[in-house]
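Colleague: Now for the letters of each chain:
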Amino acid sequence: MTDPTQLKLQDGSRVAVIGGGPAGSFFAYFLLDMAQRIGLELHLDLFEPRDYTVPGPTGCNMCGGIISESLVQMLATEGINLPTTVVQRGISAYLMHSDSGSVRIGTPLEEKRIGAVYRGPGPKGLKEAKWGSFDGHLLSLAATKGANVVRGRVEEVSRRDGRLAVKARGGEPGIYDLVAVTTGVNSAAHRLFEGLELEYRPPRATKTMIREYYLGEEKIARTLGSAMHVFLLNLPRLEFAAIIPKGDYATLCLLGEEIDDELLHALLGSPEVKRIMPPDLPLDQPACQCQPRINVQGAVQPFADRIVFIGDSGVTRLYKDGIGAAYRSAKSAAATAIFQGVSAADFRRHYLPALRAIEKDNMLGKLIFWVTGQIQKHSFARRAVLRMAAAEQRRASGRRWMSTVLWDMFTGSAPYREIFLRTVHPAFWARFLWENLVAILELALGRIRPASRIGADGIPQPTTRSASE
Amino acid sequence: MGMNASGLGKVYGDGEIIFRQGDSGDCMYVIQEGKVEVFLEQEGKEVSLKLCREGEFLGEMALFYREPHPASARVLGNARVLTVEKKNFLRRIQEDPTIAFRLVQTLSQRIKELGEEVAVLNRVVQECLDEQLRSHGSPS
Chain H
0 MTDPTQLKLQ DGSRVAVIGG GPAGSFFAYF LLDMAQRIGL ELHLDLFEPR DYTVPGPTGC
60 NMCGGIISES LVQMLATEGI NLPTTVVQRG ISAYLMHSDS GSVRIGTPLE EKRIGAVYRG
120 PGPKGLKEAK WGSFDGHLLS LAATKGANVV RGRVEEVSRR DGRLAVKARG GEPGIYDLVA
180 VTTGVNSAAH RLFEGLELEY RPPRATKTMI REYYLGEEKI ARTLGSAMHV FLLNLPRLEF
240 AAIIPKGDYA TLCLLGEEID DELLHALLGS PEVKRIMPPD LPLDQPACQC QPRINVQGAV
300 QPFADRIVFI GDSGVTRLYK DGIGAAYRSA KSAAATAIFQ GVSAADFRRH YLPALRAIEK
360 DNMLGKLIFW VTGQIQKHSF ARRAVLRMAA AEQRRASGRR WMSTVLWDMF TGSAPYREIF
420 LRTVHPAFWA RFLWENLVAI LELALGRIRP ASRIGADGIP QPTTRSASE
Chain X
0 MGMNASGLGK VYGDGEIIFR QGDSGDCMYV IQEGKVEVFL EQEGKEVSLK LCREGEFLGE
60 MALFYREPHP ASARVLGNAR VLTVEKKNFL RRIQEDPTIA FRLVQTLSQR IKELGEEVAV
120 LNRVVQECLD EQLRSHGSPS
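Those protein sequences? They're chains H and X, same order as listed. Here the first sequence is numbered in numbering that gives the first Met the number 0, starting from 0 and rising by one per residue. Here the second sequence is numbered in numbering that gives the first Met the number 0, starting from 0 and rising by one per residue.
Certain hints may be false.
[Claimed, not checked] Straight-line Cα separation of at most 30 angstroms, DSS-like style, residue types lysine-lysine; simulated pairs: (1) H:Lys129 <-> X:Lys34; (2) H:Lys126 <-> H:Lys218; (3) H:Lys129 <-> H:Lys144; (4) X:Lys86 <-> X:Lys49; (5) H:Lys166 <-> H:Lys144; (6) H:Lys359 <-> X:Lys44; (7) H:Lys144 <-> X:Lys85; (8) X:Lys85 <-> H:Lys365; (9) H:Lys365 <-> X:Lys86; (10) H:Lys123 <-> H:Lys206; (11) H:Lys273 <-> H:Lys129; (12) X:Lys49 <-> X:Lys85; (13) X:Lys85 <-> X:Lys34; (14) X:Lys44 <-> X:Lys34; (15) H:Lys359 <-> X:Lys85; (16) H:Lys144 <-> X:Lys111; (17) X:Lys86 <-> X:Lys44; (18) X:Lys34 <-> H:Lys144; (19) H:Lys166 <-> H:Lys7; (20) X:Lys49 <-> H:Lys144.
[Said to hold, decoys possible] Partner residues are not named here, just some residues of chain X that face chain H (Cβ under 8 angstroms, in silico): (21) Asn3; (22) Arg73; (23) Phe100; (24) Leu102.
Derived by calculation from the structure, the hints in this document are not laboratory data. Bear in mind that the values here come from a model prediction, so they are computed numbers and not experimental data. Ideal placement from N, C-alpha and C gives every residue a C-beta, glycine not left out.
Required output: the full structure, derived from the provided sequences and hints.
Modeller: Structure follows, in structure tokens:
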């Protein structure tokens, strides 16, 4: 066994990062940044086989492509501004659609606080490359900090004299003092580590579905606007569905258990989706489609001496803000490696608490999604949610209980714990129960008004009082 | 200057005020594109304090004090500016203190610049006093 006092990064130490998605690039960036601050000279090789300049699956890391409000703000304070060459659309509002109508929840001053991006340069058959890849942008930032980007797929990882040997296809093995694994859950890379006899067990994952539709900038501005559209529908197995406007395309994103074609077609056939998508758009003919897996339960023991698993390879947030979780776990792992050490004991003491905090929060997230599922099943409850949020949005001042809960849930900006604590406030329940009562009476008396129509910039037209007090 | 309205933050037009001296604030601002002038309003006159550019912070004092903004911020040309909420920022610092590195670096830089300005002002004041003494003779 290696002496733990030797498991520290020193001048000249070599670090390998396997995977150049956000977790890998953030880890490389912050590790090198912190090393420079304390005058530590490291050599870092970042292995990534993808070419982020090629549209379609070759250059894409398959994701809805939302940079949450909190992540946008934190990156800005870190000096990482996301340029307009990468952010395809700034999002300033969320629109929630249900069979009772639609409600719009916006940011103060209509500021665009959420970024809609493509992880690669764009979907298959991209007509014009107007924007760059988000992952490519982060990778170039890591390179500017001094990371040596190696365009190659890692084929072998083994232990050699207490250190780790990493061999990329067509290259010679390199010896490293620390290996960070950021390959996510959509590759078979976890097999590379089977020979190391780690206690690591990969995360449990489930399939999602992502589709891209070409609308063109002008049509997007006219129909979806700068708002993300989410759906509160009674469709079993569907946890979350959203349409995210990008530059020329719109991304349809479905999350839940066993997402399949049947569920997809049920969503596409719903009046709520048809209401917001252009009528001449063939919904059965997407420009691009994928079924990536997402991490729904974290990995077991995502570290050992000189090796750490980050981002989706370790622990991530349930359903939301996966890129934000990659940023947080990458920073925690980097700070541990620089200021504490790279032994299993160091990662257990200083990195694991950050992962446990995410996992603990996910447990509350599961409860919140379960409650949302119950609301989705009942027409009066869906109507009550909409009524309550719409009434709050019309008021110039006062606490916005439901709007804040919905905003934080949809955007993934706040921890699930905060959302949960807001929902246990008596004032929230008093108002919500009242709205349920009114909704039940309205439904019983047949006073159901037509659903709102959606106008320019995704704003519901004020032709109905369906969601009014 | 053209400014992409699809980008993150809020686009302000030429001369638009982001915050005014005396306004209460619970956020700071990060310039995404463009330039912003920070100035003091004293006895009806404006005193320019600093020109901030892309990537720089504004109004960061609001993160640490409950006092009104000590100066105003006005856009020169067009600028795209992002808000960083106090609550979000302080919560993240509590989870990850390294997030404050850049802010501390910026504040240190500003202290250094202020020190340099104080030194220049001291020299100017001293030169003025010396000049006055030379003109009127030394006091007996």
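Colleague: With a cut-off of 30 angstroms on the C-alpha distance, tell me whether Lys144 (chain H) and Lys111 (chain X) pass.
Modeller: Holds. Lys144 (chain H) to Lys111 (chain X) sits at ~25 angstroms (cutoff 30 angstroms).
Colleague: Would the pair Lys86 (chain X) and Lys44 (chain X) pass a check requiring their Cα atoms to be no farther apart than 30 angstroms?
Modeller: With a Cα-Cα distance of about 34 angstroms, the restraint between Lys86 (chain X) and Lys44 (chain X) is violated, given a limit of 30 angstroms.
Colleague: Verify the proposed pairing of Lys85 (chain X) with Lys34 (chain X), using a straight-line Cα cut of 30 angstroms.
Modeller: holds (23 angstroms)
Colleague: Are Leu102 (chain X) and chain H close enough, Cβ to Cβ, to be under 8 angstroms, as the hint says?
Modeller: Check passed: Cβ of Leu102 (chain X) comes within 6 angstroms of chain H, closer than 8 angstroms.
Colleague: For the pair we were handed, Lys129 (chain H) and Lys34 (chain X), check the Cα-Cα distance against 30 angstroms.
Modeller: holds (25 angstroms)
Colleague: Within 30 angstroms, alpha carbon to alpha carbon, are Lys86 (chain X) and Lys49 (chain X)?
Modeller: holds (26 angstroms)
Colleague: Would the hint linking Lys85 (chain X) and Lys365 (chain H) be met if the CA-CA limit is 30 angstroms?
Modeller: Satisfied, since the Cα-Cα distance of roughly 28 angstroms is no more than 30 angstroms.
Colleague: Please work out if Lys44 (chain X) and Lys34 (chain X) have their alpha carbons no farther apart than 30 angstroms.
Modeller: Holds, at about 21 angstroms.
Colleague: Would the hint linking Lys166 (chain H) and Lys144 (chain H) be met if the CA-CA limit is 30 angstroms?
Modeller: Distance of about 23 angstroms is within 30 angstroms: holds.
Colleague: Sort out whether Lys85 (chain X) lies within 30 angstroms of Lys49 (chain X), counting only the CA atoms.
Modeller: holds (23 angstroms)
Colleague: Classify the hint on Asn3 (chain X) as holds or violated, based on whether any CB of chain H lies nearer than 8 angstroms to its CB.
Modeller: holds (4 angstroms)
Colleague: Please work out if Lys273 (chain H) and Lys129 (chain H) have their alpha carbons no farther apart than 30 angstroms.
Modeller: holds (28 angstroms)
The earlier numbered hints that this structure contradicts are 6, 17 and 22.
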